[in-house]
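**Q** The primary structure of each chain is shown beneath.
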Amino acid sequence: MMESGPLTGPVPTDGTAGATHPRSAELSGVPAKPNPASDGQIGGTFWRRFTFRRPLAALILQRLGLSVGLLFAVSLMIFGGIEALPGDFATTYLGQSATPQAVENIRKDLGLDKPWTERYLSWLGGAVQGDFGTSWASKNSVGEQISKRLGNSLFLAFFAALVSVPLAVGLGMLAVQFRNRLPDKIINVVSLAAISLPEFFVGYLLIMFFAVKYGIATFPATVYDSMSFTERLSAIALPVATLVLVVLAHMMRMTRAAILNVMSSAYVETAELKGLSMFRIIARHAAPNAVAPVINVIALNLAYLVVGVVVVEVVFVYPGMGQYMVDAVTVRDMPVVQACGLIFAAFYIFLNMAADILAIIANPRLRHPR
Amino acid sequence: MNLRSIPLSAWIGIAGIAIAIFCAVFAPVIAPFGERDVVGDIWLPAGGDFLLGTDNLGRDLLSRLVYGARTTIFVALAATVLSFSLGMLLSFTAAVVGGFTDQLFSRFNDLMMAIPTLIFALVVLAVLPQHLWILILVMAVLDSTRVFRIGRAVALDVAVMEFVEAARLRGEGSLWIIFREILPNTLSPLLAEFGLRFAFSILFLSTLSFLGLGIQPPSADWGGMVKDNKDGIIFGISAALIPGAAIATLAICVNLVVDWLMKRTSSLKGGRGDA
Amino acid sequence: MPEMLSVKNLKIEATSYPPGEPPKVVTLVEGVSFDVQKGKVLGLIGESGAGKSTIGLSALAYGRGGVRITGGQVLLDGKDILTLDRNGIRSIRGARVCYVAQSAAAAFNPAHRLGDQVIEASLRHGIMSRDEAKKRALYLFRVLGLPNPETFGERYPHQVSGGQLQRAMTAMALCPNPELIVFDEPTTALDVTTQIDVLAAIKHAIEETHTAALYITHDLAVVAQISDDIMVLRHGKTVEYGATQQIIEAPREDYTRALVSVRQTKRNEAADQTGTQLKIEHVSAGYANGFKVLHDVSMHLPKGQTLAIVGESGSGKSTLARVITGLLPPTEGRISFEGKELPRALKGRSNDELRRIQMIYQMADTAMNPRQTVREIVGRPLSFYFGMHGQKKTERIKELLDQIEMGSRFLDRYPAELSGGQKQRVAIARALAAKPELILCDEPTSALDPLVAEGILNLLLKLQEETAVSYVFITHDIAIVRAIADSVAVMHRGRLVRFGPKSKVLSPPFDDYTDLLLKSVPEMEIGWLERVLQTRRMESAGN
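Protein chains in written order, with the numbering used here: chain G, 1 to 370; chain A, 1001 to 1275; chain H, 2001 to 2543.
Derived from the structure by calculation, the hints contain no laboratory data. These figures come from a predicted structure and were not determined experimentally. One or more of the hints may lead you astray.
Said to hold, decoys possible - Straight line, CA to CA, 27 angstroms or less: simulated BS3-like cross-link-like pairs of lysine-lysine:
| hint | chain 1 | residue 1 | chain 2 | residue 2 |
| --- | --- | --- | --- | --- |
| 1 | H | Lys2237 | H | Lys2279 |
| 2 | H | Lys2135 | H | Lys2038 |
| 3 | G | Lys185 | H | Lys2024 |
| 4 | H | Lys2134 | H | Lys2303 |
| 5 | H | Lys2024 | A | Lys1263 |
| 6 | A | Lys1263 | G | Lys148 |
| 7 | H | Lys2519 | H | Lys2462 |
| 8 | H | Lys2303 | H | Lys2504 |
| 9 | H | Lys2024 | H | Lys2303 |
Stated by the list, open to error - Some chain G residues judged to face chain H by a derived CB distance under 7 angstroms, without partners named:
| hint | residue |
| --- | --- |
| 10 | Ala266 |
| 11 | Tyr267 |
| 12 | Thr270 |
| 13 | Asn289 |
| 14 | Pro364 |
As the list claims (entries may be wrong) - For the chain A half of the interface with chain H, some residues (derived, Cβ under 8 angstroms), not all of them:
| hint | residue |
| --- | --- |
| 15 | Arg1036 |
| 16 | Met1161 |
| 17 | Phe1163 |
| 18 | Glu1165 |
| 19 | Gly1171 |
| 20 | Ser1174 |
We treat Cβ as the ideally placed atom computed from N, Cα and C, and that holds for glycine.
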């Protein structure tokens, strides 16, 4: 897979951004020691001067650029990669018994006779404007379908985040507070078990109990346009609960680790030796430094949520992007698969970028350059 | 190593894994019925001839569970071993050779990781023909990106140590440095990572099978069994939950062992998060 | 005079959790008693693991990690603080007893301005109003000689240098007008030329504010400058406790005597220094990002002699070692060995060229593969360079172990089973195994306790006599240079400042930097600090 032609394309694209690779950029942005002698040498290019004077702005610009580049490379990979893989769509589309003439016609019909670069450019041009072509299976506009379903998926993910983020941060703090004591150990074992549960198992377990046995929740979680807001909420109660359970354990464990890291730092010891109250130590000395890692944890887990949505939607027969994509994959409806893949990847990249940028902004060393 | 120093939780994990492997190896001996034999009515309740009842086609659920252990563990293990070898080879090469090679591998890895694993798998499996080896390969390649990242971090950690520099100054070749100086010092964090990847592979394979893109019927595998029996849920038939519980139990057991390994080696870099 | 702090029969324990074994309780400190009076300084001195920091923190009723104070009394102004409840202890910490940590860079919160952190304890304990606290901080910044005292408090910790941070930490401790300050190795992480300024500032501030202080350090010469009394600690127990003058000039215990007389190894320099086994000509080097670390450095070393390269951190001395080994190819200049130019990069050198130059590192811990036994570590060069194996190899390893005064019972030990000094000896044996003509020693003794370091230095000298090996000895410690060097190179900011025979380099007339460097090294002599400061004042008055 690595040797295939189109796939090597993205590398140089990314390589130009590679000069501003996250880690090295962070290091060069924060000179470990002031070096008056080197000040004179920092004339250099405009960018180098900019990096030195406004490290924060420069780093954020770098991250933005990196993400755009990454997204572009991913689009090439999703489109071009598929081209490079074996298998002829026209034959797949018609079945093995199709006549050569029929295959030829269908190729023309789907535009497969044009060179892939041309098709890629027109696809990308359309994608930027929200036009993803027409589905092979249903002959509907992919963009229209997606615009409806994307809203549904985001609705689901939003409420899952709304519940899980405060809960995870709260439980993480609780675990830190009772570090190595019973509550912490219980949280540890339970969360360890929770990260081992497959989403569909959690989903069906909830359905079995709450929808079938007690009948207090609805299944399947169908939503349609004429539904009121509260009706929608009750419809997504179980899928949201599933997503929360799946993402909670991860987020909580990472939050605990991030806060513990800050609490064991020398400056928290200093605060303790100043005789400050526990509340002040946490609020004034630990919290400002824990914000960045915790935000990072949250953003990473929201990215995870994007993926979790796929399985949960299938389990609950929820009309979102994930189900749309899985259905398209089973019938090999390529325009839909490509569009969904690109959108999921875009959300994922965006959330990771947001995590990076928030962490940069929260870093006092970068906020107050020398 | 002192056997008594292994905590109870790890013992539970080891026992669970041992039982699963035993089932996988001796499936034909243990299973009361054949993997694909229709032996009764559909969705019979547990008890009587059928210890766990029957499935949506009237096959014995216990027998399929035992055979399913075989498929699930074999495919997950094969994918993990492959992804681990690939990830380790590339990451250690990147860490030891450095320079352009390192940049190239690392940037390509970043690119691969920019797409969520499941989405990537869906896109790729939409195009590729359905074969077992293709499934294993896809899982392995996708998972190797995670192994690469961890492997490179661990190897770099060790590679900057002075004893590696001392070996370089002595004139040792790259192979000696990788296998004699670096590898022995990275074994325990990598062992923990292997367990983590294995647990992830079990879950990932089950998810793919559940979505209908993994192992194809009529072969029994745990994720696929959940898919087969999911329609029974609304009638209050718990046949789908049993293979689901099997997946969860095995993954928990592996994670219990990993947790213990991780505590023994606190130097492991990177979180356990994955997407 | 009433005792400000009186510690009686202190016992401190900790629970350790060795992997694979049940947890066990270790005694860190036992039976330690001392008194500190108002305006007086007690120096606590000892090697690493002597329990000195643990004792210092007990004055704040604080234990790091699982450390617990299990016995004795800590009387602050006559009242036992160990019997206080949480709030009682809180009201003492940061108000009546303050703490100055070794690494101020880590101890300051990166998210807040220095000024706010300095006055925080005074405000929180209601000792003074914000305005009063700010005024006092300004006063202390002046006393401690910080640059731009008016605006210094507005800066963030990462915006000032290490020496300034250490002084800011002292200001933070002094701000609430405490009765006692605990200084925990406040100058250990600093360069000598910075250390002397911080030391002087601390001494001045203590005199100005009449506070009592505990000064913890491993450097007897430093503590002699600042304290009125000294307590020598070893393995958590008191070795000797007395007035500074008595400890320095008439130590009663063998251990104290050894500490005082450490660095008494003396070796006269070789008369003939004309040979050039190693020749470094106009070498410049830098890193890939274009940052230049070495500028036009030239020096040479005759066979069988020792060249000491001395300088502070950032002087480029370790970079020079990397250039000689070929790890960092020079951008300009050449290096020749035995009259033949060495290939610039490691890859270009033959195994024989590599064999002739060996290296010993500062941290023996990281310089040896923890998964290999002493036999494997020392044996590898034998099989790699000489193709030895079997009985012959074992015999040779045993010989080498005898040479480093360790013996063959260590053959199958792992590095983790050896003490710091033993590890460094094995590292020396590994270098010797290659039958080298030159050994690069990169601060091989600076991570070791003084007595152990002395043993290593003597071993190196003995080996030089036996095998006529040459040393390039990189160090920041002038005393070591005096003890073992034939020729000396002084480096500063990547440039060679001074080079020649030891007797010439270390005698006047000096250049400015060498002068500063030599005068900054604390001497084991009471009143040395005052004398240096006096000279400085006279010089600046003269200018």
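**Q** All hints, please: hold or fail.
**A** Hint check:
no.: 1; hint: H/Lys2237 <-> H/Lys2279; verdict: 50 angstroms, violated
no.: 2; hint: H/Lys2135 <-> H/Lys2038; verdict: 24 angstroms, holds
no.: 3; hint: G/Lys185 <-> H/Lys2024; verdict: 21 angstroms, holds
no.: 4; hint: H/Lys2134 <-> H/Lys2303; verdict: 62 angstroms, violated
no.: 5; hint: H/Lys2024 <-> A/Lys1263; verdict: 19 angstroms, holds
no.: 6; hint: A/Lys1263 <-> G/Lys148; verdict: 47 angstroms, violated
no.: 7; hint: H/Lys2519 <-> H/Lys2462; verdict: 30 angstroms, violated
no.: 8; hint: H/Lys2303 <-> H/Lys2504; verdict: 20 angstroms, holds
no.: 9; hint: H/Lys2024 <-> H/Lys2303; verdict: 53 angstroms, violated
no.: 10; hint: Ala266; verdict: 4 angstroms, holds
no.: 11; hint: Tyr267; verdict: 4 angstroms, holds
no.: 12; hint: Thr270; verdict: 5 angstroms, holds
no.: 13; hint: Asn289; verdict: 6 angstroms, holds
no.: 14; hint: Pro364; verdict: 5 angstroms, holds
no.: 15; hint: Arg1036; verdict: 48 angstroms, violated
no.: 16; hint: Met1161; verdict: 5 angstroms, holds
no.: 17; hint: Phe1163; verdict: 5 angstroms, holds
no.: 18; hint: Glu1165; verdict: 7 angstroms, holds
no.: 19; hint: Gly1171; verdict: 4 angstroms, holds
no.: 20; hint: Ser1174; verdict: 11 angstroms, violated
Hints 1, 4, 6, 7, 9, 15, 20 from the earlier list are contradicted by this structure; the remaining hints agree with it.
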